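Chains as they are written, first to last, in our numbering: chain A, 1 to 652; chain B, 1 to 298.
Keep in mind that a hint or two might mislead.
As the list claims (entries may be wrong) - Calculated lysine to aspartate or glutamate pairs in the DMTMM-like style (CA-CA distance at most 20 Å, straight line):
#: 1; chain 1: B; residue 1: K154; chain 2: A; residue 2: E244
#: 2; chain 1: A; residue 1: K354; chain 2: A; residue 2: D507
#: 3; chain 1: A; residue 1: K249; chain 2: A; residue 2: E71
#: 4; chain 1: B; residue 1: K154; chain 2: A; residue 2: D461
#: 5; chain 1: A; residue 1: K264; chain 2: A; residue 2: E244
#: 6; chain 1: B; residue 1: K154; chain 2: A; residue 2: E511
#: 7; chain 1: B; residue 1: K76; chain 2: B; residue 2: E45
Stated by the list, open to error - Residues of chain B placed beyond 12 Å of chain A at every Cβ, according to the derived structure:
#: 8; residue: P97
#: 9; residue: L249
#: 10; residue: E269
#: 11; residue: L281
#: 12; residue: P288
#: 13; residue: G289
Stated by the list, open to error - A few chain B residues facing chain A, derived, Cβ under 8 Å:
#: 14; residue: R32
#: 15; residue: E268
#: 16; residue: V270
#: 17; residue: T284
#: 18; residue: E285
#: 19; residue: L287
Hints were generated in silico from the structure; no laboratory data involved.
As the structure is a prediction and not an experimental result, all values here were calculated from the model.
Glycine included, every Cβ here is placed at the ideal spot set by N, Cα and C.
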Amino acid sequence: MVTIDLSTMPVREGNDALRAAAKRGEDIEILNPDARHHIGVGLIHPVTVRVKGSAGYFCAGLSHGARFEVESNVGWGVGDSMYAGSVVVGGNAGAIAGVALRGGEVVVKGNVGSRAGQVMKAGTLLVCGRASFLAGYMMYGGRIVILGDSGDRVGEDMSGGAIYVGGKVQSLGSDAKIVDMTPEEDADIRAFLKTYGVPFDGTFTKIVNAGTKLRYGVNEPISRPLPHPVFSEGDSYWNAKVAEDIHAKSLIGRYRIRGYGAAKPVPHFGDIAIKVDPSRIGAAGDPTKAVKLAMTLGERHGAKPLTLSMPVLIAPMSFGALSKSTKVALAMASRLSGIVENTGEGGMLPEQRKEAAQLIYQCLSGRLGWNIHDMLKADALEIYISQGAKPGLGGQLMAKKVTKELAAIRGIPEGIDLRSPSRHPDIMGADDLVIKVEEFREATGYAKPVSVKMGAGRVRDDIKIAYKDGFDFVQLDGLQGSTGAASTEVLENVGVPTLSALQEALDGLNEIGHDGSMPVVMMGGIKDGVDAVKALALGAGAVAMGTAALIAGGCISCMQCHVGNCVVGIATQDPEHEARYKTELQAQAIHRFLESVRWQIAAITQALGYSDFRQLSRKDLVALTPEAAAITGLPYDPDYRVVDEQLLTQVA
Amino acid sequence: MCGIAGILFKKPVSNQVLGRALADMMDGCQHRGPDSTGFALYENEVAGLRLRFLVDDDAAVERIRAALAEHGATIKAERREGSTLVVEVAYDGEIRPFAYAMEHAAKLVSIGTALDIIKDVGTSKDLDAVYGIGRINGSHGLGHVRLATESDVKPEAAHPFWATGFADVAIVHNGQITNYWKMRRRLEARGFEFRTDNDSELIAVYIADKMAQGVPLETALEQSVDDLDGTFSFLVSTKDGIGFAKDRLAAKPMVMYEDDSLVAIASEEVSLNRLFPGQPLSTTEPLPGTHQTWSRSI
């Protein structure tokens, strides 16, 4: 047995020693833990860890197979995203005990704080004392056993699993109900208690999902989709789009859901021109050879950075919203073009991992498919706070797409209209976020960049938090960013346009005297290399493209991504539809499109007289409209409009 | 966005360690807020009234001296410390108009016969070095570490806040009050002035106002849980004791430890454990929507 004394070393060093000992198969004893955070996170060997005292936040988090025994109390999130193994806590646990549990057993001998078992998917959480507010909040599976009182609103918005309360059920949460339990279930729980030596001779009340909110009551009518040019035409009152919307709502009586991005016109990169002489473009040889486009991303805290052949990334999009074939095609294209692919919500596909040379792994509020093994396989980790299409809301995946395979990866019940939580269980503020970021770094040995994806809301404040909380880079998504499904009201009306978002982010960073070490990757309606150059010149570190890459790979912009019957096999989980998608072929098409983006960035950079894209600056830009000038602070000079049009024609 | 802590020594004999205890507790949770740190310390009472101002230059000091003289306060002692000026005065008039007048002369951080608020940019260790926090004796106090999100990193934006206009009342708060403006307009309509747009100041004035009307601290805290919307865990201190209130959503952490000699409350147990290194503590987490108070024995 190895003894680690945390009074003589920081937790980071302690965890290194712990992992090394575990790898050798040795059990570990931790002395003087004094409620420090992150003890034992990311442990993936089946050893026993004895913590002689109290542990802080995320004790045993992201572990798989180890047995933890904590003598006294634990802080927030004990056993976070644990896949197998056990944690036994001798005292009390703070909030979100057993959060996102995916297997194994968490036993708390004392009381637990609020939201115990939030978004858990499997395994058992046993609370020998009482629970607090919202126990079992949004749980998808597994079981929670509470021997004492339940706390208020137990089982709030649970969609699967069961909660057994030995004490008083103080109040039931939304969409939860009490049902009878079988003698077998009762015997099973008592046998479980016996294995942990917990006496109990009372009776249990079983709580499950009541099933009133798992599906939308009335489906939207299937109507002929309006082509996007018609849909985005916004200047007459009673146009075809408005009429179609009213017809649909008169049938369903609620908000509508659709895919794709905002259609309303807002100031965008088209309202900015590059001060370049078009006759210089493409004048001499291959600009991609002459201009330096390669960059690295994510070295701010000494992690191994991502290497990009140009300042472009694939925007995060989920397996779920998109078919596996499409995710694999994006992965291939990213590899062929020497850039980076992103998992989006819902976990990492082995096929995607294989094809993408570099892959960012996203962690979302529902922790769907989030696990230590894929974290270790990823090239960077990303905490999703929100997205441009629906800032402040969680993901939506309609039942048609929640297939057996997909539900298994995400750890959720099959065939529900999945609405992911709007916020993370353990990120209620910037102060909690610091501790979360640190958990990811601890669990992966500080080797991987950690980024944050955020939709444009309070950008000026949020970017400061991101900077102070130590993210390696930020992926910022404007109003025009697309999605697989969101309510139309939110898609069109909530958020900050990409141009404003970028400017606010850069202003915010300047206000706190940043040192340039945290690049902003801008996305949301970036359609080509010309837009990319404008974003880079304004101050973005790189850009990301989602919709553009999908269109390059066959998307017909019908905006029916949410339905699940995508005719080209992109936004579907139906094997018949997916069979229409030719992965290799579309990967090549996306790759060719990305190469055109490369050429545009290089050609314009060269035409401006530079040899490196990092030389681009605000001096190269003018605003074509008063609105764009007001947003960006660029000089208003409408005379460049003609030049910009020529530029687009020539470059495209 | 922050970490908070409070401590009360039940027996006067343990008075010596107040500053050291709070400095250690805040150092323990500095990760929650590296931008600024602050303390509200209840020391042994001074003869008159102690005021601490933030001063940028000598002109501010002159303004303070003039304002004190104008309002009939006699300076007994005066010293510069870090970014602040501390004055002890003899004054026997009404506190609120006096406090408002002093606020117009310079940025007043605290006023009281026992309370002294010391706050500045930097960490707990930084403040300890500049202000000698660890050497300050007293019976009870609060601490705060701040991550600046919506306002600048400057001493006046640091916490704790005093209840503007009321002597010896201070607050530290973790969370966000969402009916801030509604509550503030109600208080403003009754003649209260606010120095910041910070919701912590609002809670302090709200509580102090109730207490001035004869409502016990315990009742004021109970009512605050109903009156305030949003997410909050806060600690209030008065000349005689401390108390906490916690919202019904239980979104912000709070852990407490109590024994015969002291009660200590903090955002995280790691701060409490700083008081007892190497010892597993028997702690409790206050339930959602609850409050509690402690008084020092006199």
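Verification of the supplied hints:
For the given pair, B/K154 sits about 54 Å from A/E244 by alpha-carbon distance, which is inconsistent with the 20 Å threshold. With a C-alpha separation of about 39 Å, the suggested pair A/K354 and A/D507 falls outside the 20 Å cut-off, and the hint is violated. At roughly 57 Å between alpha-carbon atoms, A/K249 and A/E71 are farther apart than 20 Å, so this suggested pair is violated. Of the supplied pair hints, the one linking B/K154 and A/D461 holds, its CA atoms being roughly 16 Å apart against a limit of 20 Å.
Distance restraint check for A/K264 and A/E244: the Cα-Cα separation of roughly 16 Å lies within the 20 Å cut-off, and the hinted pair is therefore satisfied. Between the alpha carbons of B/K154 and A/E511 the distance comes to roughly 13 Å, so the proposed pair stays at or under 20 Å and holds. Proximity of B/K76 to B/E45 is assessed by CA-CA distance (about 14 Å); at most 20 Å being required, the pair is judged to hold. In this structure B/P97 is separated from chain A by more than 12 Å, as the shortest Cβ-Cβ distance comes to about 36 Å.
For B/L249, the non-interface assignment is contradicted: its Cβ lies about 7 Å from the closest Cβ of chain A, within the 12 Å cut-off. For B/E269, the requirement that its beta carbon stay farther than 12 Å from each beta carbon of chain A is not met, with the minimum near 4 Å. The Cβ of B/L281 does not lie farther than 12 Å from every Cβ of chain A; its closest approach is about 7 Å, which violates its non-interface assignment. The beta carbon of B/P288 sits about 5 Å from the closest Cβ of chain A, which is not more than 12 Å, so the claim that it is off the interface is violated.
Chain A draws B/G289 into its interface by the beta-carbon criterion, the shortest separation being 8 Å against a cut-off of 12 Å. Annotation: B/R32 was flagged as interfacial toward chain A, and the flag holds, the nearest CB pair being 4 Å apart, inside 8 Å. A least Cβ separation of about 6 Å between B/E268 and chain A falls short of the 8 Å threshold, and the interface hint therefore holds. Interface hint status for B/V270: upheld, as the beta-carbon distance to the closest one in chain A is roughly 4 Å, under 8 Å.
Restraint check, B/T284 versus chain A: the minimum CB separation of about 7 Å is within 8 Å; hint holds. This hint holds: B/E285 has a C-beta 5 Å from the nearest C-beta of chain A, less than the 8 Å allowed. Against a cut-off of 8 Å between C-beta atoms, the interface hint on B/L287 holds, since the closest Cβ of chain A lies about 6 Å away.
In this structure, the hints that do not hold are numbers 1, 2, 3, 9, 10, 11, 12 and 13, in rising order.
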